Amino acid sequence: MALRVPVPCGSVVDLATRMKKNVTADEVNAALKAASESARLRGIIGYAIDPLVSSDVVGTSFSSYFDPDCTMVVDGNMLKTISWYDNEYGYSNRVCDLLQMMEDVG
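Just so we're aligned, residue 0 is where the sequence shown starts under numbering that gives the first Met the number 0, counting upward by one.
Take these hints with a grain of salt, some might be off.
[As the list claims (entries may be wrong)] Taking lysine-lysine and the DSS-like style, the derived pairs with C-alpha atoms no more than 30 Å apart in a straight line are:
hint : residue 1 : residue 2
1    : Lys79     : Lys20
2    : Lys20     : Lys32
3    : Lys32     : Lys79
4    : Lys19     : Lys32
5    : Lys19     : Lys79
FYI, nobody ran anything at the bench for these hints, they're computed from the structure. Quick caveat, the model's predicted, so the values are computed rather than measured.
Generate coordinates for the entire structure from the input sequences, incorporating the hints supplied.
This is the structure in structure tokens:
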């Protein structure tokens, strides 16, 4: 038996991506900042202005709270990004978003 127990802590994703073309950390950060401010992703992706630790994201509704200070590019096309999240609360907010969309559709 496996139990999922909600605990008050933040989690982090350390994502390494091989890009098709060369990028810079500034380009990636700018793209994610624009995405976080877009109508489609506002409230879903956050963009950190200050450095973060796991307790900073507890209770945030973002599914992903991007940390631009941690963006790294190696050899032009190997990208590493860090994103924080509150697994339970972020997920619960996306379920509410889905229910709202279902209600809107009818």
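Now the hints, each set against the structure:
For the given pair, Lys79 sits about 14 Å from Lys20 by alpha-carbon distance, which is consistent with the 30 Å threshold. Simply put, Lys20 and Lys32 have alpha-carbon atoms about 20 Å apart, close enough for the 30 Å limit, and the pair holds. For a cut-off of 30 Å, the pair hint linking Lys32 to Lys79 stands: about 16 Å separates their Cα positions. Distance restraint check for Lys19 and Lys32: the Cα-Cα separation of roughly 21 Å lies within the 30 Å cut-off, and the hinted pair is therefore satisfied.
With a C-alpha separation of about 14 Å, the suggested pair Lys19 and Lys79 falls inside the 30 Å cut-off, and the hint holds.
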